[in-house]
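Trainee: In case you want the letters, here they are:
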Amino acid sequence: MTGLAPHLFNGLTLGMLFALIALGFTLIIGVMEVINLAHGALFALGAYFALTILGDWSAGTAFGAWWLGFPLTVRYVAALVLAPILAGCAGMVLERCLRPTYDKVPLYGLLLTFGAALVIEEAIRLLWGTGEKSLALPEAISGAVLVGGLIYSKYKLFAAIFALAAIAAVWLFLERTSYGAIIKAGAHDSEMVRALGYDLAKLRMLVFGFGAGLAGLAGVIMVPIWGLRPHVGVDVVIPAFLIIVLGGVGSFWGAVVASLLVGLTVGITGAYASAWSTMSMYLLLIAVVGVRARGLFGRKSALEN
Amino acid sequence: MLKSRLTRRRLLGTSAAAAGVTAFHGPWVHNRVYAAATDKPIRIGITSDASGQYANSGASDRRGMHMAIDEFNAKGGVLGRKIEAIHIDTETTPATGSRVAERMISREQCGFLIGAVHSGVANAISQVAQKYGVIYLNTNSSSPTESGKDCHRVKFVWDGNGTNFSKAAVKNSIDSFGKNWMLLTNDYVWGHNTSAATRKLLTEYGGEISEEILIPQGTRDFSSALLKIQQAKPVVVAAAVGGDDQKALRTQVAQLGMGESPAWISNQQDWPDVYGLPLDNLFGVFGTTWYYKLDLPGVAEFVQRYQAAYPDTQMRVPGNVFYNGYMATRELLGAIERAGTTSNVAVIKQLEGHKMPATERMQHHDAWIDPATHQVQQTIYLATANAGTQDKDDMFKILTQSAPEDVLDAGAAEACKLESHADTPTFDA
Amino acid sequence: MTSLADIPRRAGAWVTPPMAVMAVVTVSAPLWLGPVGLHQYLGIEIAIWIIYALGFNLLFGYGGLHSFGHGAYLGTGAYAFGLFQHHVAVSLWGGLLAAVLTAGIAGALVGAIVSHRRGIYYALLTIACGQVFWFVAVKAHWLTGGDDGLLSIPRPALRLGVTTVDLNDNLAFFYLVIAVLAVTVVGLWRLVHSPFGRILQAVRQNETRAAFVGYHVWRFKWAAFVISAILSGLAGGLFAMAQQSAYPDVMSLHQSGLVVMMVLVGGGLVGFWGPVLGVALYFGVRDFLGALTETWLLWYGLMFVVMVMYRPEGLAGILHSVQAKLSCAPVLREKPTE
Numbered sequence: 000m001t002g003l004a005p006h007l008f009n010g011l012t013l014g015m016l017f018a019l020i021a022l023g024f025t026l027i028i029g030v031m032e033v034i035n036l037a038h039g040a041l042f043a044l045g046a047y048f049a050l051t052i053l054g055d056w057s058a059g060t061a062f063g064a065w066w067l068g069f070p071l072t073v074r075y076v077a078a079l080v081l082a083p084i085l086a087g088c089a090g091m092v093l094e095r096c097l098r099p100t101y102d103k104v105p106l107y108g109l110l111l112t113f114g115a116a117l118v119i120e121e122a123i124r125l126l127w128g129t130g131e132k133s134l135a136l137p138e139a140i141s142g143a144v145l146v147g148g149l150i151y152s153k154y155k156l157f158a159a160i161f162a163l164a165a166i167a168a169v170w171l172f173l174e175r176t177s178y179g180a181i182i183k184a185g186a187h188d189s190e191m192v193r194a195l196g197y198d199l200a201k202l203r204m205l206v207f208g209f210g211a212g213l214a215g216l217a218g219v220i221m222v223p224i225w226g227l228r229p230h231v232g233v234d235v236v237i238p239a240f241l242i243i244v245l246g247g248v249g250s251f252w253g254a255v256v257a258s259l260l261v262g263l264t265v266g267i268t269g270a271y272a273s274a275w276s277t278m279s280m281y282l283l284l285i286a287v288v289g290v291r292a293r294g295l296f297g298r299k300s301a302l303e304n
Numbered sequence: 000m001l002k003s004r005l006t007r008r009r010l011l012g013t014s015a016a017a018a019g020v021t022a023f024h025g026p027w028v029h030n031r032v033y034a035a036a037t038d039k040p041i042r043i044g045i046t047s048d049a050s051g052q053y054a055n056s057g058a059s060d061r062r063g064m065h066m067a068i069d070e071f072n073a074k075g076g077v078l079g080r081k082i083e084a085i086h087i088d089t090e091t092t093p094a095t096g097s098r099v100a101e102r103m104i105s106r107e108q109c110g111f112l113i114g115a116v117h118s119g120v121a122n123a124i125s126q127v128a129q130k131y132g133v134i135y136l137n138t139n140s141s142s143p144t145e146s147g148k149d150c151h152r153v154k155f156v157w158d159g160n161g162t163n164f165s166k167a168a169v170k171n172s173i174d175s176f177g178k179n180w181m182l183l184t185n186d187y188v189w190g191h192n193t194s195a196a197t198r199k200l201l202t203e204y205g206g207e208i209s210e211e212i213l214i215p216q217g218t219r220d221f222s223s224a225l226l227k228i229q230q231a232k233p234v235v236v237a238a239a240v241g242g243d244d245q246k247a248l249r250t251q252v253a254q255l256g257m258g259e260s261p262a263w264i265s266n267q268q269d270w271p272d273v274y275g276l277p278l279d280n281l282f283g284v285f286g287t288t289w290y291y292k293l294d295l296p297g298v299a300e301f302v303q304r305y306q307a308a309y310p311d312t313q314m315r316v317p318g319n320v321f322y323n324g325y326m327a328t329r330e331l332l333g334a335i336e337r338a339g340t341t342s343n344v345a346v347i348k349q350l351e352g353h354k355m356p357a358t359e360r361m362q363h364h365d366a367w368i369d370p371a372t373h374q375v376q377q378t379i380y381l382a383t384a385n386a387g388t389q390d391k392d393d394m395f396k397i398l399t400q401s402a403p404e405d406v407l408d409a410g411a412a413e414a415c416k417l418e419s420h421a422d423t424p425t426f427d428a
Numbered sequence: 000m001t002s003l004a005d006i007p008r009r010a011g012a013w014v015t016p017p018m019a020v021m022a023v024v025t026v027s028a029p030l031w032l033g034p035v036g037l038h039q040y041l042g043i044e045i046a047i048w049i050i051y052a053l054g055f056n057l058l059f060g061y062g063g064l065h066s067f068g069h070g071a072y073l074g075t076g077a078y079a080f081g082l083f084q085h086h087v088a089v090s091l092w093g094g095l096l097a098a099v100l101t102a103g104i105a106g107a108l109v110g111a112i113v114s115h116r117r118g119i120y121y122a123l124l125t126i127a128c129g130q131v132f133w134f135v136a137v138k139a140h141w142l143t144g145g146d147d148g149l150l151s152i153p154r155p156a157l158r159l160g161v162t163t164v165d166l167n168d169n170l171a172f173f174y175l176v177i178a179v180l181a182v183t184v185v186g187l188w189r190l191v192h193s194p195f196g197r198i199l200q201a202v203r204q205n206e207t208r209a210a211f212v213g214y215h216v217w218r219f220k221w222a223a224f225v226i227s228a229i230l231s232g233l234a235g236g237l238f239a240m241a242q243q244s245a246y247p248d249v250m251s252l253h254q255s256g257l258v259v260m261m262v263l264v265g266g267g268l269v270g271f272w273g274p275v276l277g278v279a280l281y282f283g284v285r286d287f288l289g290a291l292t293e294t295w296l297l298w299y300g301l302m303f304v305v306m307v308m309y310r311p312e313g314l315a316g317i318l319h320s321v322q323a324k325l326s327c328a329p330v331l332r333e334k335p336t337e
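Residue numbers (numbering that gives the first Met the number 0), protein chains in the order written: chain A, 0 to 304; chain B, 0 to 428; chain C, 0 to 337.
Be a bit skeptical, because a hint or two may be false.
[As the list claims (entries may be wrong)] Label-pair ranges, simulated between beta-carbon atoms:
| # | chain 1 | residue 1 | chain 2 | residue 2 | range |
| --- | --- | --- | --- | --- | --- |
| 1 | C | Val321 | A | Ala180 | 36 to 42 Å |
| 2 | B | Ala357 | C | Asp168 | 43 to 49 Å |
| 3 | B | Gly387 | A | Leu79 | 30 to 36 Å |
| 4 | C | Gly11 | A | Val92 | 23 to 29 Å |
| 5 | B | Asn179 | C | Leu291 | 52 to 58 Å |
| 6 | C | Asp168 | B | Gly339 | 26 to 32 Å |
| 7 | B | Leu78 | C | Leu170 | 27 to 33 Å |
| 8 | C | Val321 | A | Phe69 | 57 to 63 Å |
FYI, nobody ran anything at the bench for these hints, they're computed from the structure.
Owing to the predicted nature of the structure, the values given are computational and were not obtained by experimental measurement.
We put the beta carbon where it would ideally sit given N, CA and C, even for glycine.
Chain A with its partners taken away, still in its complex shape (with noise of 0.2 Å):
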């Protein structure tokens, strides 16, 4: 059993980052009923937008000097904070570019998602080009830290307390505040809401900027992990779906749990089972959803005609 309890613990952490990963996700579907297949594309955004935001490439101009002058922290911690409200604003772009796909079947949202995150990776491809790059951590936060004689990594850490924090964050927001109890209305009845007086537009564009802005933060986040080149936002999308569709369409718990079950599934795996890592997700999915329709917390939406 000693030999399980660490691939347990990392599990758990692979399923924090998941979580944060499919919170974006679930919250734009629930809300406006839209697939959002660009939501790996703004994955990727938002880690090149803190990579030109960390500054390195303007060594050579006056703001550059300046600005690489400050500390690699200050610098990151701008980062954190900037390229995820960057990438919202990109997700209100495309949203106003969604707005004519409404009132018609929810394929063509998904399509124009599909169609957007490919332009999205060119567009990547086109300005920071086609090669590999990293994000620079600050000292605090990288290198390794020894727990019961196993080396992990203190980045893996403090990624997945911050996502934790982002969750419980989102969370709040959700549940204890006005503009949260808003959005829930929306997600539950947008007609009502709209008669009730508030602007659904612009609260459409928010939410769909807001969860913009949570997948550019998960880029940020995971990209020191995982790598960073223009593709990157390919290996998002399905574990995204996946946990979404498990966890139910449109729930916050959902989200939650079922990022946590398949990062548990996916650790266990690859380590009892490691050529059926990738595979056993979508092994759990089919069976989740062949005995329970809406997944574990879904509930019936309209995405289902």
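We have chain A; now place chains B and C onto it with these hints.
Mentor: Same frame as chain A, now just chains B and C:
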């Protein structure tokens, strides 16, 4: 009435447009038929990736080919004919490779095809090339099957393959580190072939493998595998992990600080995949076919030529992918000149068995093209990270160099069944 | 606005004017492909993908069942064809039959899993199943050749009683493919305008109502899935012959998404001929733009996004609007005198 007038007008307009279009295309079609063989330019089709996983390496590959072509054109071309190159993105997708090859041969009139990194794409292109008899140079795909069961009479392989690198690495590593090894194998053909070669060599030299961990393609999280390695404590881990999986592995091993112990043996490390990354990502021992700081005549000047030709690229110094692209193109054009014709049979005969002296290759040993497998037998270098360097570009420290005879892929000659000259259609560019 | 539910003229006929036009265009293709700047192999690929897209649209457009993992059946057909040639016999019809049967069985299995669902869950399950197929194709490299691909698939000669036609020449093979395409088109046209097709559309429009009227909804959804898988398998077998190899990447999500894109852009959701237009546009654009610029996908993606935003009925829909406008023009031009 009104309706029919509209349609008649439209009909006249459309036919006028169609006539104009056909007239425009007319002369161009005729040119193809009338052009005399002696002043028609030689067209080379560059089949490298510009998108997908190997986009970066593909770009480097292309630069090498272009530099060689420009050098020959500056001397007046080959056999008095200018060399033209056309590039179409193969998208790291084999079906696109087939389509691109077909288009280049039938529509673009290319006489030669060059370029590949992904073995699936290389196979797709070489099947089409063999069908028409067009010579194809596989510049950078290092799968052992390329010169083994997937070899072709028209295909020539310019990179060292997994077996060559394993042979160079295994003996040295057992002597330096020890006999208790673990294998980390990417669960696809290249990974399995490479690990199989390593396993065979290891047992020959008396080593033993405690466990082989399979890594599915698309794995981004290596924590389980790395935890298992920590628990098992081998002295050496031989990693046959490629593509994006390898990049994620490097980042994560660096974060854990596991790069020193155990000792890591990777297979070949392509320069474009690591250029610009922090040095601790470059742990362990890995192979390469060339390095820009080799202390050999001609190397420094070659690097300068690169920097003069490509002042704006991010990669300030060339690496093995550029080198292979350059060498392959240069030798092909040289072979055409020696053959005195672009007829494929003659050029193939010039390439088979062709010897390239070490000085021309900028490597430590002479190289030659094996006539039985069509693979270039060349010097294999083992390197590790150049710790403590101040120069950001000088990332490798060359440890050893092996002569081609010592790292020969013995199984290839048996597995490779080249089509006979009779079975290969004649083709003249 | 036109829709698939409209009953077109000559719905009951075996041959219609658009079919005749298509026949003329495809049979004469070798003559004009070259001068227009295309090449014979591209014609083969377009024809094969039209078979694939038309079969796919039976499920996607007519059935309203959005499958995003259909590449799995194209790939299965390709592998089945290749493996048949390597291990059983070198035979054209045997290979195609193997392709069709294997893809049909695969479709039957997956269809049984997904046909209970609708909407997003349907789509997601098809993605998951498609990924499973891809994974198996890559992993079972002793059978499929994995990433390296299943190579050296021959093009068996076509035995027509007295003569034998060698299909190694692209031209001859092209004619075989368009012959298969013609049979497919006629068959599908008859199928969608048959009672089966009408009921399938009824299921698309309102499953509950169709069930209440007495139709066994699950069976129709499953049957549509199987038929579209069979056609995809047929296209796959032909594709294996065209490339003379089979690779796992047609089963990837990206490639499965491409056929959805093509069908939508072409207008498969509003017209029978939509997939034909969509495939021709995609291949034409990529061949043309791909030789000009490396970022062609950026431009195609942007065009696709704009199209979904403003003209989701696709090319077929646009053509229909233009046609309607032209035939109505005289009436519309007359201003009411007051």
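Trainee: State for each hint whether it applies.
Mentor: Verification of the hints:
1. Val321(C) - Ala180(A): 36 to 42 Å: For Val321(C) and Ala180(A) the Cβ distance comes to about 49 Å; the hint is violated.
2. Ala357(B) - Asp168(C): 43 to 49 Å: This hint holds: roughly 46 Å between Cβ atoms.
3. Gly387(B) - Leu79(A): 30 to 36 Å: 31 Å, holds
4. Gly11(C) - Val92(A): 23 to 29 Å: 49 Å, violated
5. Asn179(B) - Leu291(C): 52 to 58 Å: 56 Å, holds
6. Asp168(C) - Gly339(B): 26 to 32 Å: 31 Å, holds
7. Leu78(B) - Leu170(C): 27 to 33 Å: 32 Å, holds
8. Val321(C) - Phe69(A): 57 to 63 Å: Taking Cβ atoms as reference, Val321(C) and Phe69(A) lie about 60 Å apart, which means the hint holds.
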